[in-house]
Structure formats: structure tokens, C-alpha cells
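Keeping the supplied structure of chain A fixed, place chain B upon it in accordance with the hints.
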Amino acid sequence: MTEMTNTPIENTDDTAETLSNQTQFGSEEPLFEHASLPTPPSEKNAQPAGPKKFWQDKVFLFGVGVVGVSLLLLMMIGMSSPRRVQQLLGQNPTPSPRPAQSALQQRLNEVKTDLSAADPSQSDLPFPPVDKNIYLDKPAQ
Amino acid sequence: MRGYTFHMRRIFWLALCFLVPLILPSVIFAKTKVASPSAIIVKVAIASSSATVVTATPSAQTISPVGSSTLKAQGDALKEKYRQQLDQYRNDARLYVIAREQYYQLTTLAAQEDAVQATQKVMLSRLAVLETYVKLLSVTLEDTPGIDITQKATQQGYLATLAAVLQAHQKQVELANDRPSINTVVNSFTNVESQTENSAYITLGMINYGRIQATYDKTVSVKDEIKADVQQNETDALVQASKMRGVEEIERELSAVDTQLAKARLDVSKMQTGTDAAFTYQNVQTELENIYAALSRSLSLLDEVVKPGSS
Chain A
1 MTEMTNTPIE NTDDTAETLS NQTQFGSEEP LFEHASLPTP PSEKNAQPAG
51 PKKFWQDKVF LFGVGVVGVS LLLLMMIGMS SPRRVQQLLG QNPTPSPRPA
101 QSALQQRLNE VKTDLSAADP SQSDLPFPPV DKNIYLDKPA Q
Chain B
1 MRGYTFHMRR IFWLALCFLV PLILPSVIFA KTKVASPSAI IVKVAIASSS
51 ATVVTATPSA QTISPVGSST LKAQGDALKE KYRQQLDQYR NDARLYVIAR
101 EQYYQLTTLA AQEDAVQATQ KVMLSRLAVL ETYVKLLSVT LEDTPGIDIT
151 QKATQQGYLA TLAAVLQAHQ KQVELANDRP SINTVVNSFT NVESQTENSA
201 YITLGMINYG RIQATYDKTV SVKDEIKADV QQNETDALVQ ASKMRGVEEI
251 ERELSAVDTQ LAKARLDVSK MQTGTDAAFT YQNVQTELEN IYAALSRSLS
301 LLDEVVKPGS S
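For the record, the sequence lines run as chains A and B.
The letter at position 128 of the first sequence is residue 128 when you use our numbering, and the numbering goes up by one with no holes.
The letter at position 253 of the second sequence is residue 253 when you use our numbering, and the numbering goes up by one with no holes.
This is chain A alone, in the form it adopts within the complex:
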């Protein structure tokens, strides 16, 4: 590497050997020869930044969009009649194919509950656990 930098190479033609030595090329290249080094400010950026119009503001556009969507939603709901709303609120979305069957199942469950409450071995009114032999003087045997 040191050898390459110390050995002068004539800059006469663009041979492959010359171009491969980039360190020498960079050092020998004349500065400010090419106009493309500093890019001048574009015309667009050069213009003075004036006050933005409020309708150009992104927040304003977003707000207009939200208001518009909400108005559209309100119109759609308003167009649907109260009866339709009632239907939406009250109707069963997935009607059972056999409503009678589920009603019977419900009746059956009620009877099962009644039967559990009627279990004779589970009396809820046992005789009071009171002492029948309360006395003052010991009774005669």
C-alpha cells in the first residue's frame, strides 16, 4: 500500500492501471473543476416560505373527512325508520330451527329443578333440635 502511494504515475491516459489507483486519482484531481460538486438550491426551495392556507393543512383535511363520514353515517341511520331500528334491536339474529324443542328442553329443566327441590331425603324442615328432658328435680326412675 505504501509502495503504491510513493510511486508517481503519469497521468497521461485513462488506462485500467491508472483508474485502479483511486488514492492517487483523488489526490491529483483538481478541485472545483466540476460544477456538479455543490448542488445549488432548487428553485422550489429558494422561494420564501409564505403562510400556508388553512385548507392546505393536513389536519384540516382530516377533520373534513371525519365530519363527512359522520354526517354520512347519521344520514344512513336517519333514513332507516324507527321500526327498522326496533327490528334490529329486538330480532333474534340466529333463529333456532326448532323453537318448540328448546322450549320443551327448558320446561324439562324446570321440572328437574323442581324434582331436586322435592328430594324427600333433603328435608328443609327437620324437627327442632331441642332437649325434651328439661327438669329441675331429677324425675323418678
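Since the hints were derived computationally from the structure, they do not count as laboratory data.
Values in this document were obtained by computation on a predicted structure and should not be read as measured data.
Where hints are given, some of them may not hold.
[Stated by the list, open to error] Below 20 Å or equal to it, Euclidean Cα-Cα: the simulated DMTMM-like pairs (lysine to aspartate or glutamate) are: (1) Lys132(A) x Asp276(B); (2) Lys72(B) x Asp124(A); (3) Lys307(B) x Asp258(B); (4) Lys79(B) x Glu142(B); (5) Lys307(B) x Glu251(B); (6) Lys79(B) x Asp124(A); (7) Lys132(A) x Glu131(B).
Then chain B, alone, in the frame of chain A:
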């Protein structure tokens, strides 16, 4: 300053974006008297979530008869009173045992006086418990379906008589403030206790029988509904035939239960006229437990018939 104005404007527009959708629907729907969209959305969500819970119109048997809720409230109040009186009795009984032991050991007049008072107090506590228990039996009997009205009225008469006997005995105990009179009321309680126990067993037998009878009646009613449903709505002929065979099997079981119930009904009647109610009560209990098991089996079979896809 310019940047500050710019930020303020942004904040203003942001606030407007959030406030307009919130305020505008409220104003519009307040004028049109329609529920706001948020409320509609919530209600629709609730309606859809509870749609599976929505049940059919209640059948006639699920509607409580008039006066049943009042009786239930009375029963609950009496149960609470009964618990409190039982606690009081236990406390008095503990003090009575201590006073009586001291009286036996010390044999002094002061110890005797304490023992007399403690005995009187515990006897009154016991009577209060028994009186409330009899009232509780009366209310429960009245609230129990499935019992013959005449039998029920007769038993209510017995319970009223028993309540009067207990009250009369209570007055005797209240007046017994010395050793001989305490011994007298101790002896007379034997008869009162016998009557109380007898009436309690008869009433309990009737209540247990009535509950089972009412459940049997409901089971037969549901069985008939299931049978009609199978006959009318079952489209698959093979499944229908299979289910009908199942229903016929259940009908045979229920017929056997009906016979057992008739015997239990007879035994309950014997309890009212007989002397040893406690012994007959045990027989009735055994019969009712067998009926309970048979009814439970029948309901399981009915459940099998009702289940969708069962054959």
C-alpha cells in the same frame, strides 16, 4: 409568534374534528327523538349477545300462583325468626345446665332460686322455638301444591290446635316461679311434646308427598308435550318411530310411579288418623325416596328424547 399561531390553529382544528362527531349526533337525535347511534350500537350488541338467552313465553306452570310470593316471604321471615330463637334457646340451655349443677352441688336456697329461673327461661325459649316451627310448618304446608285440599285443611286445623296448646303451656310456664310449679310444667310438657312431634311428622309427610306429587304432575304434562312434538314435528320417520318407542317406555315408568304415589297418598292419610305418626312417616319417606328415584330416571329418559339428533 407566527409558529405559535400555527400551532393554535392546528389545535383548534383537531378539537373541531373530535367535537363535531360527538356533539352533532346528540343534537340531531335529540330533535328527532331517536336513539343516538352509540346507544343503538350498544343496544344492538346487547340484543345480539342476549339473543341466545331469549326464551319462549313462560308456560302456565312457571307462573307462580297468586299469594305464593306472600307465603314465601312469610316463610323466609319465620325461618329467620326460628334461627334467632334457636340461638337464644342454646344460650339459655347452657346457662340452665350450669345453674342446675350448682343447685345440685350447693343445695342452697340461692342456688335453687337461680336454677328455677334458669329452668323457666329455657322452657320458654324452647316453647318459642316450637311455636315458630309450627307456624313455619303451617305456612310451608299452605304453599305446597299437590296435596288434597281437604287433607290440607284438616292438617291446618291440627296445627292451629297445636299452636293453641303451646300457647297455653307457655302461660303455665310463665306463672311457674317456684320449684313445685316448675316440676308440674316439666311433667305436663311431655304431653305437649308428643302432640307437637306427631303433628310435625304428619305435616312433613304431607309436604314431602305434595312436592313429589306436583313434580310428577309436571313430568306427565311435559311428557305429553314432548310426545305431541315428536308426532307433529319430527320429519324423519325412523327417528320418529324410535322416539315414540322411548316415550312409550317412559309412560310405562310413569304409570308405575302413579301406583306408588297412590300408596304413599294412602299412608299419608293413615298418618292423620293413626297414632304412631313417626313410624308411618318413615314408611312414607322410604316410598317417596323410591318415587323420587323413578321420577329422576323418567326425566333423564325424557331429556334423551328431547335432545336434538337423538333417535
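*Tell me, in ascending order, the numbers of any earlier hints that this structure violates.*
3
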